[in-house]
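Asks: Protein chains in written order, with UniProt numbering: chain A, 1 to 296; chain B, 1 to 379.
Hint data in this document are derived by calculation from the structure and do not stem from the laboratory. Here the structure is a predicted model, which means the values were calculated and not measured. Treat the hints with care, since some could be wrong.
As the list claims (entries may be wrong) - In the BS3-like style, the derived pairs of lysine-lysine whose C-alpha atoms are separated by at most 25 Å in a straight line are:
| # | chain 1 | residue 1 | chain 2 | residue 2 |
| --- | --- | --- | --- | --- |
| 1 | A | Lys188 | A | Lys130 |
| 2 | A | Lys261 | A | Lys248 |
| 3 | A | Lys106 | A | Lys130 |
| 4 | A | Lys38 | A | Lys135 |
| 5 | A | Lys188 | B | Lys357 |
| 6 | A | Lys191 | B | Lys355 |
| 7 | A | Lys38 | A | Lys106 |
| 8 | A | Lys248 | B | Lys143 |
| 9 | B | Lys325 | B | Lys350 |
| 10 | B | Lys172 | B | Lys355 |
| 11 | A | Lys135 | A | Lys100 |
| 12 | A | Lys136 | A | Lys61 |
| 13 | A | Lys191 | B | Lys143 |
| 14 | A | Lys191 | B | Lys325 |
| 15 | B | Lys143 | A | Lys188 |
| 16 | A | Lys191 | B | Lys357 |
| 17 | A | Lys188 | B | Lys350 |
| 18 | B | Lys172 | B | Lys357 |
| 19 | A | Lys136 | A | Lys106 |
| 20 | A | Lys248 | A | Lys191 |
| 21 | A | Lys61 | A | Lys130 |
| 22 | A | Lys259 | A | Lys248 |
| 23 | B | Lys357 | B | Lys325 |
| 24 | B | Lys359 | A | Lys188 |
| 25 | A | Lys182 | A | Lys259 |
| 26 | A | Lys250 | B | Lys325 |
| 27 | A | Lys61 | A | Lys135 |
| 28 | B | Lys325 | B | Lys355 |
| 29 | A | Lys136 | A | Lys100 |
| 30 | B | Lys143 | A | Lys261 |
| 31 | A | Lys191 | B | Lys350 |
| 32 | A | Lys38 | A | Lys61 |
| 33 | A | Lys182 | B | Lys350 |
| 34 | B | Lys350 | B | Lys172 |
| 35 | A | Lys259 | B | Lys143 |
| 36 | A | Lys136 | A | Lys188 |
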Amino acid sequence: MLLEVLQGTEAGGFILIQDSVNYCGRHLLKSCINTALKREEVVHVLGFEVSQEELNDGLDKTSAQRLHFHNAYSDPLGWTGNSPFTVHQFTLEDIGTLLKQTPQAKAVTLVIDSLSWILRHHDPAAICQKLQALKKGGVVRAVIGLLHSDLHQRGTVGSICHLATSVITVAPGTRGLGAFAKITRRTKSGKLMQDEEIFSINEDLTVTIQSKRSHPGSTPMNTDESEVDPTANLTFNLRLSDTQREAKEKLPLPFVFSKEKKSALLHPGTGSGRILYEPDANDDYDQEDPDDDLDV
Amino acid sequence: MAAPKMSVGKPTADRLPCNTTSFQKKSRSKLVSIPGTRPSIQNGQLIVSTGVTSLDYVIGGGLAVGTLLLIEEDRYDSYSRMLLKYFLAEGVVCGHELYVASALDHPNDILQELPAPILDDIASPKTEDQAKSCDPESQDAMKIAWRYQHLPKVQTALASSSRFGHYYDVSKTMDPEFCQAARCHGFYLPEHSTAVTSPTATTPETYSSLLNNLQEVIHREGFDGTVPQTKSRNILRIGLHSLGSALWDDDLCCRETPSHGHALTTFLYGLRAMLRSSLSVAVVTVPSHLIQNRALMGNITRLCDTAIALESFRGSERETNPLYKDYHGLLDVRQLPYLNCLVCDLPDNKDLAFKLKRKQFSIEVGLCHHNNPLERVVT
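Please put together the full structure from these sequences, using the hints given.
Replies: The structure is reproduced here in structure tokens:
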């Protein structure tokens with residue numbers, strides 16, 4: 001499912017790549033950017049963590065004019081006073097003006113490298129609202145973000161993951177096979193799909209899936225011991241042969257009535273039983289309900 | 001020896017085959033008769049159905065008018081959202097007014113996704129006439145217990161015996177004309193938020209704007225009894241989706257020590273006061289799996305009347321557990337209210353598991369304890 005998530009970004013999608021210190025998710029992020037470029041999309045990158053040269057390294061050179069890097073790496077907090085992009089400019093209006101600088105009518109993919117940087121300088125609730133506005137606003141077609149999950153509290157990471165339509169959590173694979181990815185994807189209809197795969201990234205930033213659904217720490221199923229059948233070695237016979245079963249079913253049960261009597265009993269006719277009561281002088285047959293004078 | 005009296009002055013109700021008794025309480029109805037409500041058999045409160053008959057049974061017959069139901073969301077908000085939609089769909093079918101507030105989706109989108117009601121009630125037990133018209137040969141399925149052939153099958157899902165709630169088909173959405181016949185009020189947070197909230201604002205203004213809007217709707221439509229009742233009374237069903245999440249400008253879910261820790265609790269307090277003085281019933285969903293502060297979650301639970309928590313097996317290791325393979329998740333009743341009485345009717349068995357089938361959201365008694373029973377606090 002990893003390839004599907006990387007390939008098809010439906011409108012209003014928010015792909016979150018969650019990594020940790022053990023394995024860097026930036027390679028997968030670059031692979032995402034590459035796939036988007038190959039799909040003839042315009043990609044805007046807000047780069048906080050790495051410089052433009054390092055990010056462009058390995059990307060498809062032919063579509064470089066569709067890639068717009070907004071340099072927030074050199075001066076993210078605006079200390080020099082003339083920074084190209086600061087972290088405080090992460091608002092809907094500023095991003096809108098940024099995207100209007102490059103007049104394109106086609107789909108725009110916004111890549112945020114990384115969300116952790118922005119979360120350190122802004123209120124997480126406000127970031128969630130801005131991401132939701134970006135998702136719904138129609139200004140961008142898809143948002144791809146990188147989040148370092150070990151830098152934030154669990155609640156913050158959980159809140160951002162709750163907003164995302166697809167979450168890819170990467171971890172180092174065992175035995176040097178490649179990296180391990182756990183993908184959770186929510187479709188528009190509300191259906192949830194999950195998958196776990198082992199992948200590796202090639203030189204040209206394409207992803208190859210090596211195997212699926214192999215837990216790094218799970219023990220192999222013990223297929224040696226077969227289940228012991230308790231009905232195997234008994235001194236009495238628990239099964240019936242066919243003739244025995246027929247004979248059993250032919251046996252008339254006690255209290256089995258004939259069909260007419262059964263149907264007569266099942267469908268009682270009218271007047272099968274009535275209670276005739278004539279009150280005599282001593283009976284107090286009062287139609288009134290004594291509870292009537294209660295003011296309830 | 002008393003004579004068997006016929007019920008005098010009371011129209012003979014449809015004798016449902018699943019009723020064990022035909023007893024009808026004779027009462028001069030001083031209670032308001034609003035469609036879709038009935039008095040509770042436990043404490044006499046006016047109750048409405050949540051839309052899910054199994055859930056009605058679990059919380060004691062239904063939701064009392066003027067109370068608040070808290071649903072703690074499951075991890076991906078699939079089943080809690082479904083319960084909210086059932087609640088709103090029940091309101092449409094009963095003719096109640098709806099009020100939907102959400103920060104994530106537009107209320108109109110939520111209202112378009114409501115499940116379609118099953119109006120011929122296939123899930124109800126068959127009547128005796130239908131049983132008679134069946135071929136008597138085919139009734140030979142029971143050889144020994146043939147006297148019980150015509151009785152309806154015992155339902156393993158929990159449901160009360162009267163037809164108070166309705167059943168819905170999840171695979172179809174409600175007819176738009178049917179949905180538009182009901183009056184709906186919506187509150188979509190991005191449309192109502194103030195222009196720029198200053199960073200020095202003490203509390204998020206989202207909750208107060210929601211509360212003000214709700215109060216205005218209740219007052220304008222006359223649910224709080226201020227408007228003289230020339231028209232017949234109705235119930236307002238309030239559905240608040242995902243309160244406490246980051247989209248409501250509340251960092252309750254993001255931080256362990258939230259800076260506005262009392263915003264949601266203040267809102268719930270005000271909401272409950274408003275509910276008590278009006279003919280309305282509210283369902284609130286909260287993403288409790290994101291809230292790290294358990295004390296705060298306890299406060300939120302105390303401030304609501306009825307509280308249930310959903311835990312879905314999707315994505316957790318319990319999905320592969322063979323005990324749970326028939327179910328979609330676990331349902332925990334955290335709290336039931338004492339409404340004008342000293343004790344409330346607690347359900348016998350607390351291990352409840354739910355399964356979302358196409359035509360029914362069934363809640364059944366589960367198989368084993370999933371929590372340490374000593375940790376559970378019974379209210």
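Asks: If a hint holds in the structure, say so; if it doesn't, say that too.
Replies: Results of checking the hints against the structure:
no. : hint                : result
1   : A:Lys188 - A:Lys130 : holds (20 Å)
2   : A:Lys261 - A:Lys248 : holds (24 Å)
3   : A:Lys106 - A:Lys130 : holds (22 Å)
4   : A:Lys38 - A:Lys135  : holds (22 Å)
5   : A:Lys188 - B:Lys357 : holds (20 Å)
6   : A:Lys191 - B:Lys355 : holds (15 Å)
7   : A:Lys38 - A:Lys106  : holds (14 Å)
8   : A:Lys248 - B:Lys143 : holds (13 Å)
9   : B:Lys325 - B:Lys350 : holds (19 Å)
10  : B:Lys172 - B:Lys355 : holds (18 Å)
11  : A:Lys135 - A:Lys100 : holds (17 Å)
12  : A:Lys136 - A:Lys61  : violated (31 Å)
13  : A:Lys191 - B:Lys143 : violated (45 Å)
14  : A:Lys191 - B:Lys325 : holds (18 Å)
15  : B:Lys143 - A:Lys188 : violated (51 Å)
16  : A:Lys191 - B:Lys357 : holds (15 Å)
17  : A:Lys188 - B:Lys350 : violated (34 Å)
18  : B:Lys172 - B:Lys357 : holds (13 Å)
19  : A:Lys136 - A:Lys106 : holds (17 Å)
20  : A:Lys248 - A:Lys191 : violated (51 Å)
21  : A:Lys61 - A:Lys130  : violated (32 Å)
22  : A:Lys259 - A:Lys248 : holds (20 Å)
23  : B:Lys357 - B:Lys325 : holds (14 Å)
24  : B:Lys359 - A:Lys188 : holds (22 Å)
25  : A:Lys182 - A:Lys259 : violated (64 Å)
26  : A:Lys250 - B:Lys325 : violated (39 Å)
27  : A:Lys61 - A:Lys135  : violated (28 Å)
28  : B:Lys325 - B:Lys355 : holds (10 Å)
29  : A:Lys136 - A:Lys100 : holds (18 Å)
30  : B:Lys143 - A:Lys261 : holds (14 Å)
31  : A:Lys191 - B:Lys350 : violated (29 Å)
32  : A:Lys38 - A:Lys61   : holds (11 Å)
33  : A:Lys182 - B:Lys350 : violated (34 Å)
34  : B:Lys350 - B:Lys172 : violated (32 Å)
35  : A:Lys259 - B:Lys143 : holds (11 Å)
36  : A:Lys136 - A:Lys188 : holds (13 Å)
Of the hints listed earlier, those the structure fails to meet are numbers 12, 13, 15, 17, 20, 21, 25, 26, 27, 31, 33, 34, in rising order.
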